[in-house]
Amino acid sequence: MRGVEKGISFLWFIIFLGAVCGSLIGDILGSSLSILNFLKDSYAIGTSTPIILNLKVMVLTLGLNFNINIMTIIGIIVAIILYRRY
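My numbering numbers the first residue of the sequence shown as 2 and each following residue consecutively.
Please note: incorrect hints may appear among the correct ones.
Derived lysine to any residue pairs resembling SDA-like cross-links, with alpha carbons at most 20 Å apart [as the list claims (entries may be wrong)]: (1) Lys41 x Leu30; (2) Lys7 x Val79; (3) Lys41 x Asn68; (4) Lys7 x Ile77; (5) Lys41 x Ile69; (6) Lys41 x Leu18; (7) Lys41 x Ile71; (8) Lys41 x Asp28; (9) Lys41 x Ile29; (10) Lys7 x Leu18; (11) Lys41 x Ile26; (12) Lys41 x Val79; (13) Lys7 x Arg86; (14) Lys41 x Asn66; (15) Lys41 x Phe67; (16) Lys7 x Tyr87; (17) Lys41 x Leu56.
Per label pair, the in silico range of CB-to-CB distance [unchecked claim]: (18) Leu61 x Tyr87: 38 to 48 Å; (19) Ser10 x Leu37: 29 to 39 Å; (20) Ser32 x Arg85: 25 to 35 Å.
Just so you know, these hints were derived from the structure itself, not from any lab. Even for Gly, the Cβ is constructed at its ideal location relative to N, Cα and C.
From just these sequences and the hints, can you work out the full model?
Take a look at the structure:
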């Protein structure tokens, strides 16, 4: 993609794809090899219960939760490196 201007939305897509692939690889490696079991450990960032806003006309429920592990971070870093290189 040299010469073609890459947008910020494409970068976010690549970062999301790297996070998903990293989590998937971490789960597979952690499940198959007992010595790499620490790769499956994830940490939740976000709200544990959703925020409910009752407006009498409609009810709005908001919640956001991220589960991050070591392989997710490595996948994001690799995705950014590949984005910058190609």
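Taken at face value, is the distance from the CA of asparagine 66 to the CA of lysine 41 at most 20 Å? holds, 17 Å
Holds or violated: are the alpha carbons of lysine 41 and leucine 18 at most 20 Å from each other? Given pair lysine 41, leucine 18 holds - Cα atoms ~18 Å apart, limit 20 Å.
Would you mind confirming whether the straight-line C-alpha gap from lysine 41 to isoleucine 26 stays at or under 20 Å? holds, 9 Å
So if I understand the rule, the pair passes when the alpha-carbon distance is 20 Å or less; does lysine 7 with tyrosine 87 pass? holds, 10 Å
Holds or violated: lysine 41 to leucine 30, with C-alpha atoms at most 20 Å apart: The hint holds at about 8 Å.
Mind checking the alpha carbons of lysine 41 and isoleucine 29 for me, to see if they're no more than 20 Å apart? holds, 8 Å
Need the status of pair lysine 41, valine 79: alpha-carbon distance at most 20 Å? holds, 19 Å
Hinted pair, alpha-carbon criterion (20 Å max): lysine 7, arginine 86. Please report holds or violated. holds, 12 Å
Hint consistency between lysine 7 and isoleucine 77 [alpha-carbon to alpha-carbon, up to 20 Å]: Measuring from Cα to Cα gives roughly 17 Å; hence the hint holds.
Keeping to a limit of 20 Å between CA atoms, is the pair of lysine 41 and isoleucine 69 held or broken? holds, 10 Å
For a C-alpha distance cap of 20 Å, please report whether lysine 7 and leucine 18 respect it. Satisfied, since the Cα-Cα distance of roughly 16 Å is no more than 20 Å.
That 25 to 35 Å hint for serine 32 and arginine 85 (C-beta), does it hold up? holds, 32 Å
Checked against the numbered hints listed earlier, the structure breaks hint 17 alone; every other hint is satisfied.
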